[in-house]
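Q: If you read the sequences in order, they're chains Z and Y. Following my numbering, the numbering of the first sequence begins with 1 at its first residue and continues without gaps. Following my numbering, the numbering of the second sequence begins with 1 at its first residue and continues without gaps.
Calculated directly from the structure, the hints in this document are not laboratory data. What you are looking at is a predicted structure, and each value in this text was computed from that prediction instead of being measured. Cβ atoms here follow ideal geometry from the backbone N, Cα and C, with glycine treated the same way. Worth double-checking, as some hints may not be accurate.
[As the list claims (entries may be wrong)] Ranges of calculated distance between the beta carbons of each label pair, as one might list FRET restraints:
hint	chain 1	residue 1	chain 2	residue 2	range
1	Y	E104	Z	Q199	55 to 65 Å
2	Z	I19	Y	P194	16 to 26 Å
3	Y	E104	Z	W68	18 to 28 Å
4	Z	Q199	Y	A164	51 to 61 Å
[Unchecked claim] Calculated from the model, a selection of chain Y residues having no Cβ within reach of chain Z, i.e. all distances over 10 Å:
hint	residue
5	A21
6	D56
7	E95
8	L112
9	R123
10	D133
11	Q295
[What the hints assert, rightly or not] Where chain Y lies over chain Z, by a calculated footprint (3+ residues, C-beta under 8 Å):
hint	region
12	44-50
13	95-103
14	134-143
There are 2 protein chains.
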Amino acid sequence: MAYMPREPEMRRSPEFELIAAIRGRLAAGGSSAQVIGIGDDAAVTVPRGATVTSIDALVEGVHFQRRWSPPAAIGHKALAAALSDLAAMGARAGEAYVWLGRPEDLDREQVLELCDGISACARQAGVAVLGGDLTAAPALALCVTVVGHAARPSDLIGRDGAAAGEVICLTGELGGAAAGLIALQRPEPAAALPEAERQALIERQLWPRPRLAEGAALARSGATAMLDISDGLGADAEQLAAASAVGIEIETARVPLASGVERVAETLVGRDAFELALGGEDYELLCALPRERLQAAVAALSELGCPLTEVGAVGAGRGARLRLPSGAEAAPLGHDHLARGR
Amino acid sequence: MAYMPREPEMRRSPEFELIAAIRGRLAAGGSSAQVIGIGDDAAVTVPRGATVTSIDALVEGVHFQRRWSPPAAIGHKALAAALSDLAAMGARAGEAYVWLGRPEDLDREQVLELCDGISACARQAGVAVLGGDLTAAPALALCVTVVGHAARPSDLIGRDGAAAGEVICLTGELGGAAAGLIALQRPEPAAALPEAERQALIERQLWPRPRLAEGAALARSGATAMLDISDGLGADAEQLAAASAVGIEIETARVPLASGVERVAETLVGRDAFELALGGEDYELLCALPRERLQAAVAALSELGCPLTEVGAVGAGRGARLRLPSGAEAAPLGHDHLARGR
Numbered sequence: 001m002a003y004m005p006r007e008p009e010m011r012r013s014p015e016f017e018l019i020a021a022i023r024g025r026l027a028a029g030g031s032s033a034q035v036i037g038i039g040d041d042a043a044v045t046v047p048r049g050a051t052v053t054s055i056d057a058l059v060e061g062v063h064f065q066r067r068w069s070p071p072a073a074i075g076h077k078a079l080a081a082a083l084s085d086l087a088a089m090g091a092r093a094g095e096a097y098v099w100l101g102r103p104e105d106l107d108r109e110q111v112l113e114l115c116d117g118i119s120a121c122a123r124q125a126g127v128a129v130l131g132g133d134l135t136a137a138p139a140l141a142l143c144v145t146v147v148g149h150a151a152r153p154s155d156l157i158g159r160d161g162a163a164a165g166e167v168i169c170l171t172g173e174l175g176g177a178a179a180g181l182i183a184l185q186r187p188e189p190a191a192a193l194p195e196a197e198r199q200a201l202i203e204r205q206l207w208p209r210p211r212l213a214e215g216a217a218l219a220r221s222g223a224t225a226m227l228d229i230s231d232g233l234g235a236d237a238e239q240l241a242a243a244s245a246v247g248i249e250i251e252t253a254r255v256p257l258a259s260g261v262e263r264v265a266e267t268l269v270g271r272d273a274f275e276l277a278l279g280g281e282d283y284e285l286l287c288a289l290p291r292e293r294l295q296a297a298v299a300a301l302s303e304l305g306c307p308l309t310e311v312g313a314v315g316a317g318r319g320a321r322l323r324l325p326s327g328a329e330a331a332p333l334g335h336d337h338l339a340r341g342r
Numbered sequence: 001m002a003y004m005p006r007e008p009e010m011r012r013s014p015e016f017e018l019i020a021a022i023r024g025r026l027a028a029g030g031s032s033a034q035v036i037g038i039g040d041d042a043a044v045t046v047p048r049g050a051t052v053t054s055i056d057a058l059v060e061g062v063h064f065q066r067r068w069s070p071p072a073a074i075g076h077k078a079l080a081a082a083l084s085d086l087a088a089m090g091a092r093a094g095e096a097y098v099w100l101g102r103p104e105d106l107d108r109e110q111v112l113e114l115c116d117g118i119s120a121c122a123r124q125a126g127v128a129v130l131g132g133d134l135t136a137a138p139a140l141a142l143c144v145t146v147v148g149h150a151a152r153p154s155d156l157i158g159r160d161g162a163a164a165g166e167v168i169c170l171t172g173e174l175g176g177a178a179a180g181l182i183a184l185q186r187p188e189p190a191a192a193l194p195e196a197e198r199q200a201l202i203e204r205q206l207w208p209r210p211r212l213a214e215g216a217a218l219a220r221s222g223a224t225a226m227l228d229i230s231d232g233l234g235a236d237a238e239q240l241a242a243a244s245a246v247g248i249e250i251e252t253a254r255v256p257l258a259s260g261v262e263r264v265a266e267t268l269v270g271r272d273a274f275e276l277a278l279g280g281e282d283y284e285l286l287c288a289l290p291r292e293r294l295q296a297a298v299a300a301l302s303e304l305g306c307p308l309t310e311v312g313a314v315g316a317g318r319g320a321r322l323r324l325p326s327g328a329e330a331a332p333l334g335h336d337h338l339a340r341g342r
């Protein structure tokens with residue numbers, strides 16, 4: 001009876017059964033907002049205090065390749081990357097809403113594996129996935145909106161509060177995600193790496209962990225400006241400097257590198273290890289702190305098992321500079337080089 | 001200096017300048033939450049009462065074609081479709097967060113036109129666009145998360161409250177969006193239609209208006225269950241019946257058709273006009289109401305310039321039935337037919 005005046009490729013049928021299965025897989029998890037119920041058109045919550053909301057997407061061929069990233073890792077990373085923005089505000093993670101663009105060659109089992117990856121990340125972070133939507137798409141794509149919470153807006157850390165005289169600090173280590181990608185792209189030479197090291201680097205690329213507890217601790221420790229390293233240290237430091245209208249100088253020799261990054265840089269691509277640290281995707285946090293708060297912040301993060309390293313200083317100038325051991329300056333923005341490299 | 005160990009197609013450079021321009025275009029609009037500020041990682045609001053959140057996406061080749069949909073209409077429709085879910089809860093629209101997947105052949109001017117379409121829809125609906133993100137993508141795609149508000153969770157209307165004995169009502173008219181699509185797909189025969197009628201049908205397809213004021217009025221008027229007609233009358237009535245665990249019978253002869261739908265059905269595709277009414281995308285609201293509340297609800301919607309029509313009843317059975325004038329039953333689910341038609 002029903003006649004659909006669509007071209008064959010238009011208005012794919014909603015797959016109610018699969019959507020129900022997806023919702024079932026995603027339903028596990030916690031929430032820091034009082035969740036009243038999952039409506040069918042939309043989810044209802046009663047948040048208290050301030051909420052923080054961010055939208056982020058992963059697209060096949062742009063951010064990942066299915067040939068080296070299993071479905072669960074893609075789902076996990078999509079949520080982890082979105083949550084990293086909440087970590088960078090010092091917020092408590094609360095809820096997530098996920099759209100999945102499904103290509104024809106992604107079968108039902110893979111869709112559900114992908115949802116399991118989202119769900120595992122949500123459980124780790126104490127996040128409730130309250131909404132899911134599914135659409136046909138020419139390539140696999142995920143768009144994730146995350147909502148975080150804080151008692152007061154003033155508890156949240158923007159990018160614009162850094163002041164001259166403060167120190168610039170970095171959580172964890174850089175370069176692991178970039179080195180892991182190289183290991184995935186070049187499996188034959190990468191097989192010569194020590195196995196535990198190779199696995200750890202690949203895990204940094206495929207299964208990043210958002211620094212939620214660390215971001216909250218830095219907010220409590222007096223961070224004046226904070227963001228996550230997603231586009232690359234240089235590009236992100238430039239963003240922080242621009243938002244705060246300050247100059248930031250980072251000493252590249254002080255930037256901690258993940259274990260194995262030097263070996264990958266040297267043996268697999270014949271480049272300087274620090275170049276991999278500029279690659280982004282490490283989802284570490286970069287923040288400005290008053291010098292007198294540094295010691296307490298380092299202690300607070302140490303309790304979480306996370307190193308916090310002073311890598312530079314805020315000055316009176318404008319923009320970000322990366323100072324090499326030679327005293328020379330490296331270009332701060334990875335993305336210009338990226339564009340040229342294509 | 002920066003070395004990116006990516007394959008050429010991986011990790012496209014973030015285009016900071018274009019992102020800034022997009023944010024500028026999207027910044028207009030209002031909000032019903034108290035917005036403290038737009039953080040760089042995420043947006044901060046202090047909502048009061050209950051919030052309602054929904055995620056929705058439009059994908060090129062699945063939901064629209066660029067050859068007949070100008071960029072501004074695509075942006076407008078992406079937000080309008082998402083807001084329709086808030087309308088169906090009876091919520092006040094508040095904030096929106098937009099991700100744009102940009103194919104290589106969508107130039108800067110088209111991106112900004114698309115943002116202008118989003119912005120125009122946001123202004124009409126009193127919505128603040130607080131977050132925008134841009135990624136390279138193989139096809140044009142938009143994912144929109146919308147947040148609505150209500151004083152109390154109990155002010156919001158789910159899909160699960162319909163009870164036997166209630167009436168089923170529909171806002172506005174159906175079939176216009178489907179007829180408009182036919183007119184776009186077949187411009188030569190469509191040129192023979194009366195011009196005003198043709199334009200109005202195309203507008204229903206390209207520039208849908210979410211029924212926000214009507215949804216809120218229906219919530220106040222005692223609607224017990226409500227959803228928007230996005231997948232098609234039959235499929236959506238089936239959803240309402242399933243969520244409420246009731247039977248719904250709709251008399252097809254009572255469903256109001258948009259002006260021109262009969263002419264398009266007869267002259268352009270040689271089908272029954274009612275078949276177009278099952279096509280979905282009209283973004284009208286379907287709700288259940290206690291019979292004694294019907295008259296007041298009709299009066300409330302009339303003040304908004306919107307007809308409210310009794311099209312059926314809630315019974316004790318299960319599932320949705322579409323009763324034809326002959327007494328025969330039409331299949332309720334458009335999507336099975338759709339699947340067969342492909």
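Q: For every hint, state whether the structure bears it out.
A: Do the hints match the structure? See the list:
One distance hint, 55 to 65 Å for the beta-carbon pair E104 (chain Y) and Q199 (chain Z), is violated here, with the actual separation near 36 Å. A hinted range of 16 to 26 Å for the beta carbons of I19 (chain Z) and P194 (chain Y) is inconsistent with their spacing of about 40 Å. The hinted range of 18 to 28 Å is satisfied by E104 (chain Y) and W68 (chain Z), whose Cβ atoms lie roughly 24 Å apart. At roughly 60 Å, the beta carbons of Q199 (chain Z) and A164 (chain Y) sit within the given window of 51 to 61 Å.
For A21 (chain Y), the non-interface assignment is confirmed: its Cβ lies about 15 Å from the closest Cβ of chain Z, beyond the 10 Å cut-off. Listed as a non-interface residue, D56 (chain Y) fails to keep its Cβ farther than 10 Å from every Cβ of chain Z; the least gap is roughly 6 Å. In this structure E95 (chain Y) is not separated from chain Z by more than 10 Å, as the shortest Cβ-Cβ distance comes to only about 7 Å. The claim that L112 (chain Y) is not at the interface with chain Z holds, since no C-beta of that chain comes within 10 Å of its own (minimum 19 Å).
No Cβ of chain Z comes within 10 Å of the Cβ of R123 (chain Y); the nearest lies about 20 Å off, and the non-interface call holds. Distance check for D133 (chain Y) against chain Z: the nearest CB is about 5 Å away, which does not clear 10 Å, and the non-interface claim fails. Even its closest Cβ contact with chain Z, about 26 Å, leaves Q295 (chain Y) beyond 10 Å, as expected for a residue assigned away from the interface. Proximity of the region 44-50 of chain Z to chain Y, defined as three or more residues with a beta carbon under 8 Å from a beta carbon of that chain, is established by the 6 residues found.
With a threshold of 8 Å between beta carbons, the proposed coverage of the region 95-103 of chain Z by chain Y holds, since 5 of its residues qualify and at least three are required. Under the rule that three or more residues need a Cβ within less than 8 Å of chain Y, the assignment of the region 134-143 of chain Z holds, with 7 such residues.
Hint check: violations occur at hints 1, 2, 6, 7, 10; the rest are consistent with the structure.
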